[in-house]
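Undergrad: Starting from the structure of chain A, add chain B where the hints point.
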Amino acid sequence: MNKERRATAKMIKIDPSIVLTVQDLTKTYTIGNSTITALNKVNLTIRKGEFIAIVGPSGSGKTTLINCLGALDFPDSGKIIYNVDAKGMGLDIMLMTNKQHKKMRLRKIGLIFQFYNLFPILTAYENVELPMVIDKKDPKLRKEKVKNLLKRIGLEERMEHLPTQLSGGEQQRVTIARALVNDPLIILADEPTGELDTETTTNIMKIFLDLKNAGESILMVTHNRRIAEVADRIITLTDGEFISEKNGGKPIKEIYKF
Amino acid sequence: MGVILKLAFRNMKRRKVRYILTIITLVISVALFGGVLIVSDSFNVMMLKTIDEQLGTADILIRSANSTDGWFEPDEINSELEDVRHVESIAYRISGFNVYISATNSGNQVENSTRTGIYGIDHQDVDERELGGKPFILDSVSNEDTIEKLLEYTHEDTGDKVIVISESLKIQLGKNLKANDSVWVLPNDGEFLGYDPLNTGTWLEYSVVAIIRDIGEGKDFDPENPSESAMTMIGVGGGGPGIFVNINNAHELVDGTENHTGEYNLGVVGVDNIYSVSSVVENIENNLEDLNDGRNWKVNDLKSSNLEMINTTMSILETVFLIFGLVALILSIILMMNIFNIIKKEQEYETGMFQAIGASKSETFKLFLTQGTVMGIIGTTLGTISSYFISYVIFSVTLQTIQSITAQFGGLSISNFEIVLYPATLITTFIVGLVSSIFASLYPSWKASRKPIIECLNPIEEKSKREKKHYWKRIILFISGSLLISSGVLLMIFTPEATTAFMPSAQSMPGMDQGMVVTMFAPILVLFGIIWLIVLSIKPLNKVFVALFSPYLRKTRLLTEKNILRHRKRTSLTFTMIALTTSFLIGMSVMMDSIRAGIGTTIDDFMGADIRLYTFNTPRSFEEGLLNQSGVDDVMGVSHQNAQIQINNDWIGHSLLDREYNTTIMVNVLDTEKAKEHLTKTTIISPTTMTLIEMMEEIKMGNNIIIDENFADDYNLNVGRNLSVRFSLGTTYANLTAILDTDDYNAHEDTFIVNMTITAIIRSIQGFSSLDLLGVQGEGKSYNTFISWEIYEEIANKNLPGGGTDLVFRQLTQTGNPMFDLVQPNWFTFSTVESILNGISGIEYYTTRMDYYTPVSYNGSVIDYASSVAGIHTNSSGNLRSDLYFGNNNLVSQKLGYVGSTMEELLNTTENICVVDEIFIKNNPTIGIGDNITIFPHQFNLETISAGGFPYITTAIPYINNYTSVSGTTTDLIFSDDVYLSYVSNREWLALNITVNLLPTNLYKAINVTIETSVNTTVDSLELEVLNIYTNTFENLGPINNIIENNNTFNFNLNHYYVDPIGDLKLRIIGRNSTYNGNYNLTIDSLKLGVAKSIYSTITPDFWPKFEIIGIIEAPTLYNTEKYNWYAGFELGYDISGNSIFINYEKARNVIYSDYRGSDYSNDMVTSVLVHCDHPENITTYKNLLLQNLHFIAGGYWSIIDLKSLTLSIRTNVYDWFTWVEVGVHDEDVLEEQINYIEDRGYLIIFAFTKSFMSSTFRTMINLIVFITNGLLIFAIIIAMIGLTLHSLLTTMARRREIGMLRSIGLSKKGVIRSISGETLILALLGVFTGIFAGIIQGSLMVEAMPSGGFLAVTWTIPWLTIGILVLTVLITVILSSRYPAKWAANLNIIDAVRTR
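Protein chains in written order, with the working numbering: chain A, 1 to 258; chain B, 1 to 1397.
Same shape as in the complex, but just chain A (with noise of 0.2 Å):
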């Protein structure tokens, strides 16, 4: 039985209306001499289509908590449990091999990072197409596919740019529309208006709104609380602990008032 089977063997049944479920996450950091504690102990439970929020100062652990969702790190302890098959079936993250690690980025994991993160030498499309290319998928649902996304975050005629000639907003929507191209389980956004001004984080907001109401799992980190009051759920992460979490839900439009 190779590492994958076994990996999947152990999978256990999760609610199924769960994306993904956090439980005791610890992790933390030798920098020199001393210890750091990111994350102590964190539960979290994202459901399908629910948009959440978690917010914190500087170091509080959210990149932390990001990375370690996003297979981009591994915790010290804890589950990380993830819907792998949309029908209930969940498998702890820790449990997983590179090569499902990989597929899960690939396919089941949108992320967005703070400074857009785009490929600077390919252009809107091809930074949109580039996960759906590694998946080897069919070349003309591809450009189909595509094409859709550029248009639903309003960059249908800027595809051909290079991020170089693309403004931090449109950056940042091209950024979006990679992390859904291959209809991924969760987004994981850490940090998405950072770089932004207030229209734009607006526009950023309410696209993530938009896809919130089209079904799509967000789990957003940010140190704005402002924003963070659109999310269905607001956490607050401090110093590597959930100490209150809040509901949201509040529109756009009183947050930012133009």
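Hint data in this document are derived by calculation from the structure and do not stem from the laboratory.
It should be emphasised that the depicted structure is a prediction, and the values quoted were computed from it without experimental measurement.
A couple of the hints might just be wrong.
With a Cα cut of at most 35 Å, we get these calculated DSBU-like pairs of lysine-lysine [to be verified]:
| # | chain 1 | residue 1 | chain 2 | residue 2 |
| --- | --- | --- | --- | --- |
| 1 | B | Lys-345 | A | Lys-102 |
| 2 | A | Lys-10 | B | Lys-366 |
| 3 | A | Lys-48 | B | Lys-451 |
| 4 | A | Lys-99 | B | Lys-361 |
| 5 | B | Lys-447 | A | Lys-102 |
| 6 | A | Lys-10 | B | Lys-447 |
| 7 | B | Lys-13 | A | Lys-143 |
| 8 | A | Lys-41 | B | Lys-361 |
| 9 | B | Lys-361 | A | Lys-212 |
| 10 | B | Lys-6 | A | Lys-140 |
| 11 | B | Lys-16 | A | Lys-140 |
| 12 | A | Lys-41 | A | Lys-246 |
| 13 | A | Lys-137 | B | Lys-6 |
| 14 | A | Lys-87 | B | Lys-361 |
| 15 | A | Lys-137 | A | Lys-147 |
| 16 | A | Lys-103 | B | Lys-539 |
| 17 | B | Lys-922 | A | Lys-145 |
| 18 | A | Lys-147 | A | Lys-10 |
| 19 | B | Lys-539 | A | Lys-102 |
| 20 | A | Lys-147 | B | Lys-539 |
| 21 | B | Lys-447 | A | Lys-151 |
| 22 | B | Lys-569 | A | Lys-99 |
| 23 | B | Lys-13 | A | Lys-99 |
| 24 | A | Lys-145 | B | Lys-345 |
| 25 | B | Lys-13 | A | Lys-145 |
| 26 | B | Lys-473 | B | Lys-562 |
| 27 | B | Lys-16 | A | Lys-145 |
| 28 | A | Lys-102 | B | Lys-361 |
| 29 | A | Lys-147 | B | Lys-6 |
| 30 | A | Lys-10 | B | Lys-361 |
| 31 | A | Lys-143 | B | Lys-562 |
| 32 | A | Lys-145 | B | Lys-6 |
| 33 | B | Lys-451 | B | Lys-539 |
| 34 | B | Lys-6 | A | Lys-102 |
| 35 | A | Lys-140 | A | Lys-103 |
| 36 | B | Lys-16 | A | Lys-137 |
| 37 | A | Lys-143 | B | Lys-361 |
| 38 | B | Lys-447 | B | Lys-13 |
| 39 | B | Lys-361 | A | Lys-140 |
TA: Only chain B this time, still in chain A's reference frame:
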């Protein structure tokens, strides 16, 4: 296009400058690598072509061993050759014959001609033209460059009778002989064809169309002596005297009385490539064997041995070239790895992103590798194309220099310029380049793909825990570096020292290889080790350099110090690249400058004098003549002798006749006084206090010998040690044929053992460091030893061959042919000379011999009709002594029960016994000790036969084609009177051959002949001649009266042989008519003979006296009288041949030669007398006295052979002349005069050179090597500098954000420039100074590893100029290369910079 390829291309496009620079370095390195491979290939082809052109293109020779003279028709074997794969051309030639050639038409064979080999070629045959090489032409009537074309020349006087001759033949014929001159050739069997040996004007006249150097083409005609020995740059070796003629002329010259038109005796095969020769030989051998025609075909491979030599030479050349090619490639790999490391770092975030969106590690790996591969393909393709141009430059310069050098030496003409492009070489270059570039990108690609995504996306997250491993890692790395140094040092200590050779030669290759390892590879290992260790210690070094540059760096000192070491791997690679290239340059410069600095010493050591002149042999008496020439200060003749030395019961060294050996001991015989004066740079190792003068005095005074340091070291010898030295006193051959064939079976080496004491151990004596160049050193190790002429002459004098025999004399027959009179035995009465002998006081004693030809049989059959049977005295007293006093023969075998250790003691009995020589046994292999042979006794009864009274068979044939008709009886002329034979001629003379066959049941002697002719006044005169079978000439019996018909009776000389073994007596009647204008005729009326008939029948030899063989003595040699017989007319170099039977003198005079027996011993007729004189020095005086007295008192002509003086003179021949010229005199001018002096005396010079010539040639060679090595290394430095530029550029670009930060906190633009350029400068200088340090050590080790006492004298030199230029170049490069990035960095917008991710 796949996404990875797309990303790779886009990345490269985005950072095109660095990729282009990287590709340029790759192009340079691949071009260098490919270039040297192409040069290597081109040299290889050039060498093979040169061999083909210079040494003959024939690859295989085919001969038939089982037919007379090897004649065969091409059809017999052609089909067996044509079908063999790789056979390209087949030609047939004539070789193996000798003729006499003269440069004058008014001389005779004895005094004015020389014997030479003749080679006939079908010059118009297409295949022959293919096979013909290009000889080194010294003089020619035309511009043609092949023998074939030269032989097409039609001369206005001689038509197609044109000839090409070898240089050595030219010298023998006369130094002034030149192209277009005539020569006269006596054809084989010329006497039978009417050519008069005594009148060269009757010989065939040929015009010399060209004179060629001995090496080369001539070798292709002689399977026993293939071209290998001739393959040296200086032309040592060669085919010897020879002439080349077209095939028709060859037939005329060699066929003689036979007619072999359309036949050849040598097949020559050319093969399409040299590597197939051995397999073609095998196939031809098989095919010819399958013919089963009883021909015993011999197939000789002429090329494979040369191939081995070329391969060895080329492997060294290739190794040297490859080292440089690989250095370039290694640099390129380092550079690419460095760039990839930077690119990897630059693209780290993108790499993380790539994986974050789902790309796997393998896809990331492929992304980087693709970039390396693309660069590799572009760079390697361009590099492979450029390799042609690089090779063009290297090859053209190298070839030009080599050609000019070889042209100066004049021995070998290097083939024309031709770059050879083998697909395999181009493919190899491409593959090696591509693999190298892929290899260079492998590790960085792998590392990039393995870096955790989170660290790629956020460098701050990089973990510091990895540093924990460094401690152990560094220890291991330090140990590895130390091991590299240790292994290099150990290799230097334990590898056997190289030979003294400088130039590669076939003999010295094994030693050369070991030397190469020591001089090249061991120091390189040490160099790698040093650089390795310095790389590991870069931190403190950096600190030191930064401190030194702190005035320049100012505020950025700390920043620069930290930045240089920030990316340790990248810095180390750039540093290594610079250090490695500079160290190679400096190392090679140290070595070459040291060699250059030592040129003076090298040439002094090599030459020993201003002029060196090497001859085959020249009398030592030439010294005076050479010394008397203008401009000559002093001359020293040196002899090189072979010896063996006994150490711990083993004989070290080899005999001259050994063909396989590992050690050679050369005894150099010196003139101690001249050595004291001129060879003052001699290094004496032991005793340390001994001076050159003392050392020379020592070897002059006693049996003392000087040995070289290597010999002392290898055999643990010290001063004072006594050694048994077996001197070779020369090799003598049984006969001329053996000499020409180097037939060692028929050779004998005279040796003598002397106890000698080591008086000194020297490192070297000037002029004796490289005897292999002089062609006298053999295989394996060679040791030099030195003795004085005084001691050597004493040894040579004391141990002359011939035992007690100083002079041998005999009376010449007077056949009318002086040449054959020398070898024809003649009986004379001893009493007529005995009183003369007794009258010369210095003649102490003598002995006589009865020695004549006679038939010998075994088991009832005659085995030889002309064996030499010699009767020797075994028990005499008084002045007429036993032979025991005269011989020094060695018994090689004897029958048990017979007492005696010498031949004379064995024969001292009344029994019918004999002793034979080795040649007899060789000729009769079924006969041995204990067998009985029978010897025909010379006992004849007189028979007078009247005409018609005896049934002799006669045949009369008109001579050649000068008759118009013959009528009457042409056979059985003497059957009755009035036979009447009419023979009509219309020429100025007529001749009629009459053969009388005396039935050979008994041996006959012709006593007289009576002839009667009809009166015929149509002829002015008639003469009767008879053929002497041993001289092959017709002797005149006298005039026949043509006026009056009567019986003309002529007596035969009883000492001459006229009846051959099958009973034929050949007569010739010559008639002359000076005013012929119509037919005239000769009519013979009757012919009758008087003969003496042996009382023994040749049909039943069982009745001949029987002798049992009880001993065998050594084969005869030229200078050993014991085996001397009547064939030994060695004044002419004629065959001694051996095949002798020695019997007791009593048996000879009573049984075998009883017809010559006198009343007592003094009255016996004998054939030779052996004489012993009081002192060897007086022999010449006694010889002259004897010669006069014998002629005037005894009458007739006498041959006296001085066995000692000539031998002594030969043994003391000089081979090697050292000449010192007066100050202000040009040595080349003196050399020319000396060459003329020696060649005018008919001696051949092997080679000669002057100090100024050697010095300039050597400098040219050194400059060539420096040019090639430095040229290649400069390319390498260009690569390193490009690497440095890239390093500077990329690190600056990678630190854009930091630069912004520095600017934001107040660092000025100048500060940024100082920091950036300071970094590059310090790194470059660190590398350069490390390289200089390591290079000096490497170079010094190479200098140290040069064999001590070897050919090359090195003076350790630091190449300050090169170092200065190097440092300056690097500084300029650094300033220029760091200027752009530094300025770019300084001008960065602060905000843009700090916002850079």
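Undergrad: Determine for every hint whether it applies to the structure shown.
TA: Status of each hint after checking the structure:
Distance restraint check for Lys-345/B and Lys-102/A: the Cα-Cα separation of roughly 22 Å lies within the 35 Å cut-off, and the hinted pair is therefore satisfied. Of the pairs offered as hints, the one joining Lys-10/A and Lys-366/B holds, with about 32 Å between alpha carbons and a cut-off of 35 Å not exceeded. This hinted pair checks out: Lys-48/A and Lys-451/B have alpha carbons roughly 33 Å apart, not beyond 35 Å. For the given pair, Lys-99/A sits about 9 Å from Lys-361/B by alpha-carbon distance, which is consistent with the 35 Å threshold.
Distance hint between Lys-447/B and Lys-102/A is fulfilled; the C-alpha atoms sit about 18 Å from each other, no more than 35 Å. A hinted pair counts as satisfied when its Cα atoms are at most 35 Å apart, and Lys-10/A with Lys-447/B qualifies at roughly 32 Å. Proposed proximity of Lys-13/B and Lys-143/A is supported: the alpha carbons are some 25 Å apart, at most 35 Å. A threshold of 35 Å between alpha carbons decides the hint, and for Lys-41/A with Lys-361/B the separation of about 30 Å falls inside it, so the pair holds.
Distance restraint check for Lys-361/B and Lys-212/A: the Cα-Cα separation of roughly 32 Å lies within the 35 Å cut-off, and the hinted pair is therefore satisfied. Distance restraint check for Lys-6/B and Lys-140/A: the Cα-Cα separation of roughly 19 Å lies within the 35 Å cut-off, and the hinted pair is therefore satisfied. Proximity of Lys-16/B to Lys-140/A is assessed by CA-CA distance (about 33 Å); at most 35 Å being required, the pair is judged to hold. Simply put, Lys-41/A and Lys-246/A have alpha-carbon atoms about 19 Å apart, close enough for the 35 Å limit, and the pair holds.
In summary, the hint linking Lys-137/A to Lys-6/B is supported, as the alpha carbons are separated by about 17 Å, within the 35 Å threshold. Only pairs whose Cα atoms come within 35 Å are accepted, and Lys-87/A paired with Lys-361/B is accepted, the gap being roughly 29 Å. About 15 Å separates the Cα atoms of Lys-137/A and Lys-147/A, which keeps this hinted pair within 35 Å; it holds. Distance hint between Lys-103/A and Lys-539/B is unfulfilled; the C-alpha atoms sit about 44 Å from each other, more than 35 Å.
A C-alpha spacing of about 104 Å is found between Lys-922/B and Lys-145/A, which places the hinted pair above 35 Å, so the restraint is violated. A threshold of 35 Å between alpha carbons decides the hint, and for Lys-147/A with Lys-10/A the separation of about 39 Å lies outside it, so the pair is violated. For the hint pairing Lys-539/B with Lys-102/A, the CA-to-CA distance comes to about 40 Å; that exceeds 35 Å, so the pair is violated. In summary, the hint linking Lys-147/A to Lys-539/B is not supported, as the alpha carbons are separated by about 55 Å, beyond the 35 Å threshold.
Proposed proximity of Lys-447/B and Lys-151/A is contradicted: the alpha carbons are some 39 Å apart, above 35 Å. Taken as a hint, the Lys-569/B and Lys-99/A pair is honoured in the structure, with Cα atoms around 31 Å apart against an allowance of 35 Å. Taking the CA atoms of Lys-13/B and Lys-99/A, the gap is about 31 Å. The hint holds against a cut of 35 Å. Annotation: proposed proximity of Lys-145/A to Lys-345/B holds, straight-line Cα distance about 34 Å (limit 35 Å).
Our distance criterion of 35 Å between C-alpha atoms is met by Lys-13/B and Lys-145/A, whose separation comes to about 28 Å. For a cut-off of 35 Å, the pair hint linking Lys-473/B to Lys-562/B stands: about 21 Å separates their Cα positions. In summary, the hint linking Lys-16/B to Lys-145/A is supported, as the alpha carbons are separated by about 33 Å, within the 35 Å threshold. For the given pair, Lys-102/A sits about 9 Å from Lys-361/B by alpha-carbon distance, which is consistent with the 35 Å threshold.
Taken as a hint, the Lys-147/A and Lys-6/B pair is honoured in the structure, with Cα atoms around 20 Å apart against an allowance of 35 Å. Proposed proximity of Lys-10/A and Lys-361/B is supported: the alpha carbons are some 25 Å apart, at most 35 Å. For the hint linking Lys-143/A to Lys-562/B, the alpha-carbon distance of about 50 Å lies beyond 35 Å, and the restraint is violated. With a C-alpha separation of about 21 Å, the suggested pairing of Lys-145/A with Lys-6/B holds against the 35 Å cut-off.
Of the supplied pair hints, the one linking Lys-451/B and Lys-539/B holds, its CA atoms being roughly 26 Å apart against a limit of 35 Å. At roughly 21 Å between alpha-carbon atoms, Lys-6/B and Lys-102/A fall within 35 Å of each other, so this suggested pair holds. A threshold of 35 Å between alpha carbons decides the hint, and for Lys-140/A with Lys-103/A the separation of about 22 Å falls inside it, so the pair holds. Note on Lys-16/B and Lys-137/A: the hinted pairing holds, with a Cα-Cα distance of about 31 Å set against a maximum of 35 Å.
Using a Cα cut-off of 35 Å, the hinted pair Lys-143/A and Lys-361/B holds, with the two alpha carbons roughly 26 Å apart. Our distance criterion of 35 Å between C-alpha atoms is met by Lys-447/B and Lys-13/B, whose separation comes to about 23 Å. In summary, the hint linking Lys-361/B to Lys-140/A is supported, as the alpha carbons are separated by about 27 Å, within the 35 Å threshold.
In this structure, the hints that do not hold are numbers 16, 17, 18, 19, 20, 21 and 31, in rising order.
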